[in-house]
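Protein chains in written order, with my numbering: chain R, 1 to 279; chain P, 1 to 214; chain B, 1 to 214.
Careful, some of the hints might be misleading.
Capping the alpha-carbon separation at 30 angstroms, the derived lysine-lysine pairs in DSSO-like fashion look like this [unchecked claim]: (1) P/K61 / B/K160; (2) R/K256 / R/K240; (3) R/K115 / B/K39; (4) B/K188 / R/K64; (5) R/K170 / R/K115; (6) B/K169 / P/K51; (7) P/K169 / R/K189; (8) P/K79 / B/K61; (9) B/K191 / R/K115; (10) B/K191 / R/K108; (11) P/K79 / B/K169; (12) P/K51 / B/K39; (13) R/K170 / P/K79; (14) B/K51 / B/K160; (15) R/K68 / B/K160; (16) B/K39 / B/K61; (17) R/K259 / R/K240; (18) R/K259 / R/K277; (19) R/K68 / B/K51; (20) P/K51 / P/K61; (21) R/K68 / B/K188; (22) B/K61 / R/K170; (23) P/K39 / B/K169; (24) B/K39 / R/K68; (25) R/K170 / B/K188; (26) B/K61 / P/K51; (27) B/K191 / R/K64; (28) R/K170 / R/K108; (29) R/K189 / P/K51; (30) B/K169 / B/K191.
Label pairs and their computed distance ranges (CB to CB) [said to hold, decoys possible]: (31) R/R238 / P/H99: 55 to 61 angstroms; (32) P/L151 / B/A43: 49 to 55 angstroms; (33) R/V199 / P/L151: 40 to 46 angstroms; (34) R/V168 / B/L9: 43 to 49 angstroms; (35) P/T152 / B/A36: 33 to 39 angstroms; (36) R/V168 / B/P69: 53 to 59 angstroms; (37) P/Q81 / B/S158: 31 to 37 angstroms; (38) R/R238 / P/E78: 38 to 44 angstroms; (39) R/G269 / P/A166: 23 to 29 angstroms; (40) R/L252 / P/E167: 38 to 44 angstroms.
If you're looking for bench data, these hints aren't it; they were derived computationally from the structure. No residue lacks a Cβ here, since even glycine has one placed at the ideal position from N, Cα and C.
So you can see what is in the structure, the chains are spelled out below.
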Amino acid sequence: MTGESQHPAAGHRESEDLGKETSTDTAWEGVAASSASESDALYIELENWEGPLDLLLDLARRQKVDLKSISILALVDQYIAYIEQAEALKLEIAADYLVMAAWLAYLKSALLLPKDEQEDPSPEELALRLQLRIARLGAMREAGARLLARDRLGRDVFARGAPEGLRVLKRNQWQCNWYQLVHAYGQVKLRMEPVVHMVAERPVMTLDSAIERVSAMLGVSLDWMELRTFLPVNADPRLKKSALASSFVAALELAKRGKAEIRQDAIFGPLHLRRVKAA
Amino acid sequence: MSESSPDDLTRAVEACLFAAEEPLTREQISAHLGEADVKDALASLQEQYAKRGINLVERGKRWQFQTAPDLAHLLRREKDQLRRLSRAATEVLAIIAYHEPVSRAEIEAIRGVQTSGGTLDVLMEAGWVRVAGRREVPGRPVIYATTPEFLTHFGLDSRKDLPGLAELKAAGLLDPVDDAYEDLMEQKATKAEDSDAQDDSEVAEPLENRDESA
Amino acid sequence: MSESSPDDLTRAVEACLFAAEEPLTREQISAHLGEADVKDALASLQEQYAKRGINLVERGKRWQFQTAPDLAHLLRREKDQLRRLSRAATEVLAIIAYHEPVSRAEIEAIRGVQTSGGTLDVLMEAGWVRVAGRREVPGRPVIYATTPEFLTHFGLDSRKDLPGLAELKAAGLLDPVDDAYEDLMEQKATKAEDSDAQDDSEVAEPLENRDESA
């Protein structure tokens, strides 16, 4: 804990972050008080870094050069020294700071190695990428400060205190026509009518008449006949449906009685019937 | 305005009055501006704004900007929007038309469902239904009837023009639901092979029901 | 101001903007004024008010009157103090504004630290940041962008007005690290070629320099 570079005072840091355009309102939250003891100050600062990259950015700023020309080696040394001091003071250090310290130590040793022993990616590339990241964070830090220092509505400029307000009065044009009106009435009346169940009379072919009909027709020929040819030709479609169902059951019944045989060539294909020749 | 830019005090008074949430007295303005005398500034502002869309006015020793009175109508714009009457509202309207004058309780008895007050409000807003007094029974319920606008809108000379139940039936408007269902099944059977149209008609029903509850 | 009284349309636009509770687009003003073309009226109002205590400003295509910035010290009151934005929130806001639309992962890549959900909430609650959809990459992460209120609050005409945006762009500081790294490598490569070419003319150069200094 000796000197400015290793122990940056919080107040100093704040003014650097904000640059020229600082105004009182733009101060960051929770910056350490300058009256705090040395170890407190360090602790509070560690709490206030927004991660290892943030700490690196601040250390880099301390080199007082363009972020593009910072010395990565010096930065690595400063960072490691900083973390070591925090450790010496037995301060709790978040894992990501320690990970960064370890990675930086590795980077430093790689940078110091002779070139031909280097791996891919090269330490130069890693260092350059780190520098680019720091520069990007620095750019956004500055941009944020400049943004907050602008003439802000409600702080520097003010909107009208008591605007009358613009009103759009929506007038509903309701739509409904004659048909909808009388239809609705009809529906209400229907809904409220006493419910009467009427069993609609439907044309049907009973099983008995189907058996009779199918056996009669089987008697005409010895050849295979398709089930549908057993149906009445000019019937009402509803009667046809019923006839198809009862004729099918009739066919099964006749097969069971040993009077007919049934064949189906394909699944869902037409059913064929043939009379069983009397033995 | 651009020719003679106002002095700093006038500008400050202007900004102060603009940002204020309520009308300010001369003293309040002064207090904001380091006890400066703002009398002249107010007078000159009032004159500068006299012919603009905004005026500076003094009401009971308090100063404020306000929209010029002749432009007040611009601040309230009316806009028509077309809206379909909900099924519930259409039913209530129909019941009133066929049975008027009716009370809400009677409407509910005919519909078999509770009717929300909003439904009647909509019909009155549309100008088709009016309160036609109270029925002289215990509780003196409000009774509703249709308006002349109702007849005009629906192209009726009088309420007697509304078709009777027998006519509705003849026109197929009261076909029993069972039959309608049969017909639907019949259509399905013919359509089944080449289209999925039946799925649509199945979806349509719950939607209509939802309408009704709205 | 009194010498040249504004025309009716200008007065109407003025009244409209004065009465409005929030900034209005040109279209919104037009809609209030019977679809009139208000472009010229806005321009002339902006000029008329340029040196007054109130200014007419355009923020992201929306217009509003506000007090002149140089009068801030007179108008600022204790209760007007804005809630301070935390350092993290400020940084995240800047990243979103300068990079929008960005995903949380992209924000974190720049900050080198995880962003708590609360930070984004604060910015969204302030009305400065909104969810702008999802990026069509694996995981479909939510992406964030700034709002018109952001422009209004920070007095920006448009996003192009962000302080230092052009410089940051030119310096490549808004490009991802990977892209920037590759650009640098390319530049180095071309430079190396150039210097190779210069080697041939090495003799000539000092001569030229000498000429110049003479």
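Do the hints match the structure? See the list:
Restraint check: the Cα-Cα separation between P/K61 and B/K160 comes to about 46 angstroms, which exceeds 30 angstroms; the hinted pair is violated. As the CA atoms of R/K256 and R/K240 are separated by approximately 24 angstroms, the hinted pair is consistent with the 30 angstroms bound. Distance hint between R/K115 and B/K39 is unfulfilled; the C-alpha atoms sit about 66 angstroms from each other, more than 30 angstroms. Restraint check: the Cα-Cα separation between B/K188 and R/K64 comes to about 26 angstroms, which is no more than 30 angstroms; the hinted pair holds.
Under the criterion of a C-alpha separation no larger than 30 angstroms, the hint pairing R/K170 with R/K115 is inconsistent with the structure, at around 77 angstroms. Our distance criterion of 30 angstroms between C-alpha atoms is broken by B/K169 and P/K51, whose separation comes to about 48 angstroms. With a C-alpha separation of about 11 angstroms, the suggested pairing of P/K169 with R/K189 holds against the 30 angstroms cut-off. At roughly 24 angstroms between alpha-carbon atoms, P/K79 and B/K61 fall within 30 angstroms of each other, so this suggested pair holds.
Annotation: proposed proximity of B/K191 to R/K115 holds, straight-line Cα distance about 22 angstroms (limit 30 angstroms). Distance hint between B/K191 and R/K108 is fulfilled; the C-alpha atoms sit about 27 angstroms from each other, no more than 30 angstroms. Simply put, P/K79 and B/K169 have alpha-carbon atoms about 46 angstroms apart, too far for the 30 angstroms limit, and the pair is violated. For a cut-off of 30 angstroms, the pair hint linking P/K51 to B/K39 stands: about 21 angstroms separates their Cα positions.
Between R/K170 and P/K79 the alpha-carbon distance is near 5 angstroms, which keeps this suggested pair within the 30 angstroms criterion. Restraint check for B/K51 and B/K160: the C-alpha separation of about 25 angstroms stays at or below 30 angstroms, so the hint holds. Taking the CA atoms of R/K68 and B/K160, the gap is near 25 angstroms; set against the 30 angstroms cutoff, the hint holds. Of the pairs offered as hints, the one joining B/K39 and B/K61 holds, with about 12 angstroms between alpha carbons and a cut-off of 30 angstroms not exceeded.
Distance check on the hinted pair: R/K259 and R/K240 sit about 24 angstroms apart at the alpha-carbon level, within 30 angstroms; holds. Among the hinted pairs, R/K259 with R/K277 is consistent with the structure: their alpha-carbon atoms are about 8 angstroms apart, no more than 30 angstroms. At most 30 angstroms may separate the alpha-carbon atoms for a hinted pair to count; R/K68 and B/K51 exceed this at roughly 43 angstroms. A hinted pair counts as satisfied when its Cα atoms are at most 30 angstroms apart, and P/K51 with P/K61 qualifies at roughly 22 angstroms.
A threshold of 30 angstroms between alpha carbons decides the hint, and for R/K68 with B/K188 the separation of about 15 angstroms falls inside it, so the pair holds. Simply put, B/K61 and R/K170 have alpha-carbon atoms about 26 angstroms apart, close enough for the 30 angstroms limit, and the pair holds. At roughly 52 angstroms between alpha-carbon atoms, P/K39 and B/K169 are farther apart than 30 angstroms, so this suggested pair is violated. The straight-line distance between the Cα atoms of B/K39 and R/K68 is roughly 46 angstroms, outside the 30 angstroms bound, and the hint therefore fails.
This hinted pair does not check out: R/K170 and B/K188 have alpha carbons roughly 65 angstroms apart, beyond 30 angstroms. This hinted pair checks out: B/K61 and P/K51 have alpha carbons roughly 28 angstroms apart, not beyond 30 angstroms. Taking the CA atoms of B/K191 and R/K64, the gap is about 28 angstroms. The hint holds against a cut of 30 angstroms. Between R/K170 and R/K108 the CA atoms are separated by roughly 71 angstroms; this puts the pair beyond 30 angstroms, and the hint is violated.
Distance restraint check for R/K189 and P/K51: the Cα-Cα separation of roughly 65 angstroms exceeds the 30 angstroms cut-off, and the hinted pair is therefore not satisfied. Taking the CA atoms of B/K169 and B/K191, the gap is near 22 angstroms; set against the 30 angstroms cutoff, the hint holds. The hinted range of 55 to 61 angstroms is not satisfied by R/R238 and P/H99, whose Cβ atoms lie roughly 40 angstroms apart. Separation of P/L151 from B/A43 is about 53 angstroms and conforms to the stated range, judged on CB atoms against 49 to 55 angstroms.
With their beta carbons about 43 angstroms apart, R/V199 and P/L151 fall inside the hinted range of 40 to 46 angstroms. Taking 43 to 49 angstroms as the suggested C-beta distance range, the pair R/V168 and B/L9 does not conform, at roughly 20 angstroms. Restraint check, P/T152 to B/A36: a C-beta distance of roughly 35 angstroms satisfies the suggested window 33 to 39 angstroms. For R/V168 paired with B/P69, a C-beta distance near 32 angstroms fails the hint of 53 to 59 angstroms.
Between P/Q81 and B/S158 the Cβ separation comes to about 33 angstroms, which falls inside the hinted range of 31 to 37 angstroms. At about 58 angstroms, the CB distance of R/R238 to P/E78 disagrees with the hint of 38 to 44 angstroms. Between R/G269 and P/A166, the C-beta spacing of about 53 angstroms breaks the proposed range 23 to 29 angstroms. Between R/L252 and P/E167 the beta carbon distance is about 51 angstroms. The supplied range of 38 to 44 angstroms is therefore violated.
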